[in-house]
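Throw the hints in and build the complete structure from the sequences for me.
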Amino acid sequence: MTIVDTHTHMPGKAFSMIEGYDSENFINLLNNNGIDKAWVFTLDGLYFDPAPHNDHLLDYCSIDPQRLIPFCTVHPRYSNVIDELRRCIVNLGMRGVKLHPWAQTFSPLEPMMDKLGEELESLKVPVVFHDGTPPYSSPLQIAYFALRHPKLKVILGHGGLHDLWKEALFAAERCKNIFIIPSGTPPHGLKQMISRLSIEKFLFGTDAGFGDPYWLPFQINKLKNLKLSSSDEKMVFGENAERILSGN
Numbered sequence: 101m102t103i104v105d106t107h108t109h110m111p112g113k114a115f116s117m118i119e120g121y122d123s124e125n126f127i128n129l130l131n132n133n134g135i136d137k138a139w140v141f142t143l144d145g146l147y148f149d150p151a152p153h154n155d156h157l158l159d160y161c162s163i164d165p166q167r168l169i170p171f172c173t174v175h176p177r178y179s180n181v182i183d184e185l186r187r188c189i190v191n192l193g194m195r196g197v198k199l200h201p202w203a204q205t206f207s208p209l210e211p212m213m214d215k216l217g218e219e220l221e222s223l224k225v226p227v228v229f230h231d232g233t234p235p236y237s238s239p240l241q242i243a244y245f246a247l248r249h250p251k252l253k254v255i256l257g258h259g260g261l262h263d264l265w266k267e268a269l270f271a272a273e274r275c276k277n278i279f280i281i282p283s284g285t286p287p288h289g290l291k292q293m294i295s296r297l298s299i300e301k302f303l304f305g306t307d308a309g310f311g312d313p314y315w316l317p318f319q320i321n322k323l324k325n326l327k328l329s330s331s332d333e334k335m336v337f338g339e340n341a342e343r344i345l346s347g348n
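Position 222 (the sequence shown) corresponds to 322 in the numbering used here; numbering is contiguous.
Just so you know, the hints here were simulated from the structure itself, not pulled from any lab data. In this text, all values refer to a predicted model and were calculated from it rather than measured experimentally. Just to be clear, a hint being listed does not mean it is correct.
Below are the SDA-like pairs computed for lysine to any residue, each with C-alpha atoms no more than 20 Å apart in a straight line [unchecked claim]:
| no. | residue 1 | residue 2 |
| --- | --- | --- |
| 1 | Lys291 | Pro235 |
| 2 | Lys334 | Asp312 |
| 3 | Lys215 | Thr205 |
| 4 | Lys324 | Asn348 |
| 5 | Lys324 | Ser346 |
| 6 | Lys251 | Ser298 |
| 7 | Lys334 | Ser295 |
| 8 | Lys322 | Phe148 |
| 9 | Lys266 | Ile294 |
| 10 | Lys327 | Ser346 |
| 11 | Lys266 | Lys215 |
| 12 | Lys291 | Tyr244 |
| 13 | Lys266 | Ser298 |
| 14 | Lys113 | Phe148 |
| 15 | Lys266 | Leu247 |
| 16 | Lys266 | Pro317 |
| 17 | Lys322 | Ser346 |
| 18 | Lys215 | Gln241 |
| 19 | Lys324 | Ile299 |
| 20 | Lys291 | Glu273 |
| 21 | Lys276 | Phe318 |
| 22 | Lys324 | Tyr314 |
| 23 | Lys322 | Glu339 |
| 24 | Lys324 | Leu290 |
| 25 | Lys113 | Ser123 |
| 26 | Lys113 | Pro165 |
| 27 | Lys291 | Pro317 |
| 28 | Lys322 | His288 |
| 29 | Lys266 | Lys224 |
| 30 | Lys224 | Ser346 |
| 31 | Lys251 | Lys276 |
The structure is reproduced here in structure tokens:
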């Protein structure tokens, strides 16, 4: 079974509980937990000018680009948002986008998001949103964006966290193009989600690189404890992620 961690961060200076995780140490962290691949996001690029941190992320992942898959970030308020998005996806070959409305201080409901959503649809890359943190990152706000851009694969990076997991469930029920990484969903909420949503909507993610290394085995065991069938487990741990990146 291929395991793909769809929510990891290159440790940064702005906001991280981990220091000293260079590329080799990050790969060792994956190896120690049996994880084959990781989608890697920037942290510092969420708080500062994204462009140089997108470049840094690409360099960070270059040690093993088959395993470390870079997702750029852009800031919707910046005048060069579309140019930077195209540079990262078309020129640099990054595979997706991470947006953090709370850290980047924008709302998914703002009119400027339409231009970005249309370009993301055109480029056919997935977008992972930080979700579960009011006032700008509620799952239902992100669902509004997803409804306006139905060809775009929109991923809730935390499954609503502890307080808004029911919103994440409602959002995924309403929007065919919403997927969930339950990296912050409490176990009892995740059980309800699994019972009501298609297994194809779930991705495995740990938030590695931001939080303590114990988060990786914790998130693995949270899914293992669901006692899914072998085929469903394979889908959640890796096949769904691979399908999304393939454009299917």
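- prompt: Within a Cα-Cα threshold of 20 Å, do Lys224 and Ser346 meet the stated pairing?
  reply: Distance of about 10 Å is within 20 Å: holds.
query: Is it true that the CA of Lys327 sits at most 20 Å from the CA of Ser346?
result: violated, 28 Å
message: Can you confirm whether the C-alpha distance between Lys324 and Ile299 stays at or below 20 Å?
response: holds, 14 Å
task: Would you check the hint for Lys266 and Lys215, treating anything up to 20 Å between C-alpha atoms as holding?
output: It is violated: about 29 Å lies between the C-alpha atoms, which goes past 20 Å.
- prompt: Are the Cα positions of Lys266 and Ile294 separated by 20 Å at most?
  reply: holds, 12 Å
- prompt: For the pair supplied as a hint, Lys291 and Pro317, is the alpha-carbon distance within the 20 Å limit?
  reply: Satisfied, since the Cα-Cα distance of roughly 18 Å is no more than 20 Å.
- request: With a cut-off of 20 Å on the C-alpha distance, tell me whether Lys334 and Asp312 pass.
  value: violated, 25 Å
- prompt: Given the hinted pair Lys322 and Phe148, is their alpha-carbon gap at most 20 Å?
  reply: Violated, because 33 Å separates the two Cα atoms, which is more than 20 Å.
Pair hint outcome, Lys334 versus Ser295 [Cα-Cα no greater than 20 Å]: holds, 17 Å
query: Within 20 Å, alpha carbon to alpha carbon, are Lys291 and Glu273?
result: With a Cα-Cα distance of about 15 Å, the restraint between Lys291 and Glu273 holds, given a limit of 20 Å.
- prompt: Can the restraint linking Lys322 and Glu339 be considered satisfied, given a maximum Cα separation of 20 Å?
  reply: Given that 20 Å is the threshold and the Cα spacing comes to 18 Å, the pair holds.
message: Tell me if the straight-line CA distance from Lys266 to Leu247 falls inside 20 Å.
response: holds, 18 Å
Violated hints, in rising order: 1, 2, 4, 5, 8, 10, 11, 12, 16, 17, 21, 26 and 29; the structure is consistent with all others.
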